[in-house]
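Participant: Whenever a hint applies, use it, and build me the whole structure from the sequences.
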Amino acid sequence: TQLLEQSPQFLSIQEGENLTVYCNSSSVFSSLQWYRQEPGEGPVLLVTVVTGGEVKKLKRLTFQFGDARKDSSLHITAAQPGDTGLYLCAGLKTSYDKVIFGPGTSLSVIP
Amino acid sequence: EAQVTQNPRYLITVTGKKLTVTCSQNMNHEYMSWYRQDPGLGLRQIYYSMNVEVTDKGDVPEGYKVSRKEKRNFPLILESPSPNQTSLYFCASSLKGTGREQFFGPGTRLTVL
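Residue numbers (my numbering), protein chains in the order written: chain R, 3 to 113; chain H, 1455 to 1567.
Wrong hints could be hidden among the right ones.
Said to hold, decoys possible - The calculated lysine to any residue pairs, modelled on SDA-like cross-linking and capped at a C-alpha distance of 25 Å, are:
(1) R:Lys95 / H:Lys1472
(2) R:Lys61 / R:Ser29
(3) R:Lys58 / H:Arg1554
(4) H:Lys1472 / H:Lys1525
(5) H:Lys1550 / R:Glu43
(6) R:Lys59 / H:Glu1555
(7) H:Lys1511 / R:Glu7
(8) H:Lys1525 / H:Thr1459
(9) R:Lys95 / H:Ser1503
(10) R:Lys95 / R:Leu5
(11) H:Lys1550 / R:Pro41
Said to hold, decoys possible - Covered, in the sense of this in silico footprint (three residues per stretch, anywhere, with C-beta under 8 Å from a C-beta of chain H), are these stretches of chain R:
(12) 38–47
(13) 60–73
Claimed, not checked - Quick list of simulated restraints, FRET-style, between CB atoms:
(14) R:Lys61 / H:Arg1463: 27 to 33 Å
(15) R:Asp69 / H:Met1481: 31 to 37 Å
(16) H:Val1506 / R:Ile112: 16 to 22 Å
(17) R:Lys59 / H:Glu1533: 28 to 34 Å
(18) H:Ser1521 / R:Thr64: 40 to 46 Å
Simulated from the structure, these hints should not be mistaken for laboratory data.
All C-beta atoms in this analysis are idealised placements derived from N, C-alpha and C, irrespective of residue type, glycine included.
Facilitator: Below is the structure:
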């Protein structure tokens, strides 16, 4: 059973466009992380959001944690080819000290 | 340089031939973990270790073994590999549990024929 769903699964856009990817669950998480993975490498943490409704910005990337702490979104403004990669969300359940990864959104930004 | 290293990076083997994938970190992290990554399924945790001599099953532990004799090393052992263990494997480490940032190794692509 996939506890974390991500959409879309694949996204191909032109350089300069904006995009939003989503991470959804029926479960409540104590925090949620977003990682980016480039081909041939391991995932690298972008951000951790902890509080329901929290918004964090990392240059052109904006991350939001849902009020109920069941979902999150990642918005990229003016995408660049360097943004290409697999974006993974990961939910943490503190009571079980366990992290659950979503299947990822594969983003391709075409110059 | 702070890093997690894995060896080998690529491995092709045959069913039933025991193999070990090594993982080492130089950040003095207590927590280490093994994941497998399959298309459409994301990262699934195989085993994790909260500290030396403390290991526990993740979501998909069947067919795998681990040990944590030293803080820096966390090898993954496949006693009798089968084709359904063909996957991309990642080792990760962090300070004191999964709530902290996990640092991932570069991955080991395993093919079992």
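Participant: If a hint holds in the structure, say so; if it does not, say that too.
Facilitator: Do the hints match the structure? See the list:
1. R:Lys95 / H:Lys1472: violated (34 Å)
2. R:Lys61 / R:Ser29: Violated: R:Lys61 and R:Ser29 sit about 29 Å apart, past 25 Å.
3. R:Lys58 / H:Arg1554: Cα-Cα ~17 Å, so holds.
4. H:Lys1472 / H:Lys1525: holds (24 Å)
5. H:Lys1550 / R:Glu43: Distance ~23 Å between H:Lys1550 and R:Glu43 Cα, so the pair holds.
6. R:Lys59 / H:Glu1555: Measuring from Cα to Cα gives roughly 17 Å; hence the hint holds.
7. H:Lys1511 / R:Glu7: holds (23 Å)
8. H:Lys1525 / H:Thr1459: holds (14 Å)
9. R:Lys95 / H:Ser1503: holds (17 Å)
10. R:Lys95 / R:Leu5: Roughly 12 Å between the alpha carbons, so the hint for R:Lys95 and R:Leu5 holds.
11. H:Lys1550 / R:Pro41: violated (28 Å)
12. 38–47: Our answer is that it holds, as 6 residues pass the Cβ test (under 8 Å) against chain H, meeting three.
13. 60–73: violated (count 0)
14. R:Lys61 / H:Arg1463: 27 to 33 Å: This hint holds: roughly 31 Å between Cβ atoms.
15. R:Asp69 / H:Met1481: 31 to 37 Å: Holds, at about 35 Å.
16. H:Val1506 / R:Ile112: 16 to 22 Å: Given about 48 Å between the Cβ atoms, the range is violated.
17. R:Lys59 / H:Glu1533: 28 to 34 Å: Check failed, 47 Å falls outside 28 to 34 Å.
18. H:Ser1521 / R:Thr64: 40 to 46 Å: With Cβ atoms ~42 Å apart, the hint holds.
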